[in-house]
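With the hints in hand, could you dock these two chains into one complex?
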Amino acid sequence: MNVKDEIRNFVVENFLFGDAGGLTDDSSFIREGIVDSTGILQLVAYLQERYQVAVADEELIPENLDSVQRVAAFVEGKRQGSAAGAGNAG
Amino acid sequence: MELRMVHSFLESSAAERPDKVALVHDGERVSYRLLNRSANRLAAFLVQRGVLPGDRVVILLANGVKYVASYYGILKAGAVAVPLNVETGQETLGRLLDELQPAGVILEQGAGFLLQQLPLAPGSVRFVLAADASFPVCEPRLIWGWDEALGGEELPEGVRAVPPEALASIIYTSGSTGQPKGVMLTHRNIVSNTRSIVEYLRLTESDIQMVVLPFFYVMGKSLLNTHMAVGGTVVINNNFAYTASVIRQMAEEGVTGFSGVPSTYAYLLHRSPLASFRDRLPSLRYCTQAGGHMPREIKERLLQVLPPHTKLFIMYGATEAAARLTYVEPERLSEKLGSIGRAIPGVTVRVLGPRGEEMAEGECGELVASGSNIMLGYWNDPEATARVLDADGYHTGDLGYRDADGYLYVTGRKDHLLKVGGHRIDPQEVEEVLMSSGVLLEVVVLGLDDPLLGKKLVALAVPLNGNPSDRTLLSFCHARLPRHKVPGEIRLVAALPKYSSGKIDRASCLGLCA
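The listed protein sequences correspond, in order, to chains X and R.
Counting in my numbering, the final residue of the first sequence is number 90, and the numbers go up one at a time with none missing.
Counting in my numbering, the final residue of the second sequence is number 1514, and the numbers go up one at a time with none missing.
Excised from the complex, chain R in its bound form (with noise of 0.2 Å):
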């Protein structure tokens, strides 16, 4: 039978290999029945809970067991799963639980200032699930313990049935301009979008995937979902800050995958012992990355440190695609090494000039998507949702050009672009170039106000090693840049500030120029 519900994956392999071990997580290895169990019992605690389908629930869990059986149980219950980040702000939370009118909140302790906060919250909520600790009982009841949710029946499956149009999860983008939207993504575009993944990676039941991304975060997601569905196994790592132990529960665990943004693979190749451990990964197949454009030196460096037999993938996707748009295969990517690829299977990417004509070869346009991944719209916001949703598809606010091999190349974002005098600059050429001097661990060019240019380019560098002189990397600059595209100040700092995928918050980085 061909599975068309998220949590099919779920409950199709634990049917087939129960016994399996599903999800390792600080020492603790959940088999695969015993988590479809839990996300049983969990959907029936919501559905005794009053949960209909289609009622938002809220997950406020760092990656854990506790999130997976949470997400399954959600959907199982016909509900739609919607995981913020756990370090959302006080404001930011108050404002989404008011649009989101969530039937309920499954929280931990680093959230717990909610609890306090429950006479603010917004009457929708009937049911607040506190997974790891227990709270004062007060009438009428609210507030649940972890043990005593799941300490009821299973919900038997399929009695929730929802169609596949249903929608399944709303996932907030990160919000680099502006508020974070709430993607809508139906079961079909979840179930489309993990298929295809699983096919191009080739992804196995012997698979076992290193995560070390938060599941609220779309690729998070989308390692969960693809690993569950071939009944691979999923290794929860949440202290990826000690890349020295990452890297050795790889080796211990024989991890055939490892994912992660350029941030990930910019500190995995300068701040860890990655290259010492060439030799004891002979079971990592292959390592992904999504999230933006990732500088070619960082491409090249890792090539030469990954080991012999591990394959890079490079890929590019959106939110909005519930995950995944194109990739690169690994044996042309040294040829293609700017390209994001071609389109996955199922999904055509073009690149549509400001009329929606199809451009020529080699000629830049918006890259637009289609394909049955592709969002409802955006929660509660049909203008937005009609800005990047028409007949053509869901335009992407990339910028890029296709080349003669049909390959796809991004040269930047649409809401990047700087206008410096007269011309229009985007950061990412600049950034590139500030790269592959090779004494720089990241950097991020912005635009600051100019009452003379407009904007002003200034970068933000953190330096590898020692400090190098802002002198030497403007002449470095100079040698490679028309001078128009040199920034005018390049400041070194200790950090960059990011979200918690790893995307470099852009937003705060202007903040520390102000």
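So here's chain X without its partners, still in its complex pose (with noise of 0.2 Å):
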């Protein structure tokens, strides 16, 4: 399973209790009211622990993180340690 498809699975179960419909690699995790404060921050620590990714408090933002889509490219670019501002915060 490639990232965006854990990605989206860690969402539909953990947020959207199995229930898929609707959720596109776009959708706008808040402002559709998918995920709220507390579950970004689930995601971050999945992402870390997952990933192996270090996530910065500087990167806590929509662009990194308010889609499937987003966050896919956000953990991609890590990987490939090209992400801007990549600190070592944890």
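Just so you know, the hints here were simulated from the structure itself, not pulled from any lab data.
Hints are all accurate, no fakes.
So, partial list: chain R residues that the calculated Cβ filter (under 8 Å) puts toward chain X: (1) 1238; (2) 1240; (3) 1241; (4) 1242; (5) 1243; (6) 1245; (7) 1267; (8) 1271; (9) 1273; (10) 1496.
By construction, the Cβ of each residue, glycine as well, lies at the ideal position given by its N, Cα and C atoms.
This is the structure we're talking about:
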């Protein structure tokens, strides 16, 4: 399974209680009420553990985290070491 | 002229400084003139729909320009603004509409399912204003679009005059125990509380407030009214989940004030770049906190991390008080760190015993508040009203005491008290000790049914980093609490369920334990 599918599964399992109806790769987590602020922290904790990437406080912005597509790109970027501002905070 | 109506704040600021920016949201900057005109047009639309003074109009909108225009527009029409949580479930919404019998509903996509349920809405509903999309027109005409509704003439100011004692808003409590209750607030309630807050925070037209709290929550509502009152600017950011974007916008907009509940500050401290922005927030004059007890640990850390010129106001209030009851002057905060302070101007808070007698200094009783900010009662619920309102004032349900300097301390809530074995335990005391370990982001202490003890103490804790062992935490408690107050179990979890206001949802936390 690729990163995008794994992230989608995580969101569906943890925030949509298994019901993926309506979730697209570009659905905004916050605007569409899929994930709240507590959930974003759960998502970040998952990324750090599952992909062994560090997410710096400065990176907690919607551009990195507000859809399945964005999260996947963010993680891929981190793994290739090309993400902007990839800090060492965890 | 003394302003007596909630919407007069907006009207007066629009007359005095029409071109000043009132609202900033997602790149949109709205002047007082434009905002007031939108509200006047919305009021005219409501009058055309047959809305009468005293009619309820429900707002189901996220924070934004349309929310603000709707809120003031409803008041200008002499009607009662009833903002509801946009995430209200279908069942609860049905029940609330039933008890409110509103004349109309203003909603957006998130609440769009209501549109399919219209046949089920109470017969009182004469119109639905869909704020963010076009909907098919059906006969008889029920659904209207935003542009269409605001396309007409403005309602001249003052034509729908109602007395200051008239109901202005019904705000639902988060319902931490039982069903949410609709708190009825008059224009006088809200105006007097708005004035007191402006006075003690010394708000002026130079103030720029960052709002991350929902306007349907009473604290969000007062951030709006206080800034409209002084002709300041409100910056709306609905992305608090992405803390870095909020802090960045605070720096860009030169925000002077920020407000939150305890969890807001826990996140800002531990999951945001606040510390690294310390020298990029030169305008941040103050931060305010209300919405429940904030652990000492977080207050102390905040005082270290916030820029040196930023004052921290610890405050206390209730929806039933139109928002605010007490505050601690920042100058005395470190000396009175555990206190909720003293009553704000125009408010009296006393510590009363079970027979209504005033308790002596240091003795524990219930906090009872009086003043022109205290609600009329709960909507459609005279019994619940009678339980909290009497000749002494509003019984907050919070237990506490007063010190020698007149500063008040809340020790816990009456209905959170847990009976464990033969002891009465306030979870707040145990939570405070757990937080002082310094390894937790947040914690809640609950009572689980126990055949032997009645209740058994269980702590749900969110660790800051890594996984502290529950044994270490328990021995930390053992060193600081009597044996019967030490939780029987500490469970580490990734997050605690919260209401949209950011307050911890204790009922859902209990559900997690099941």
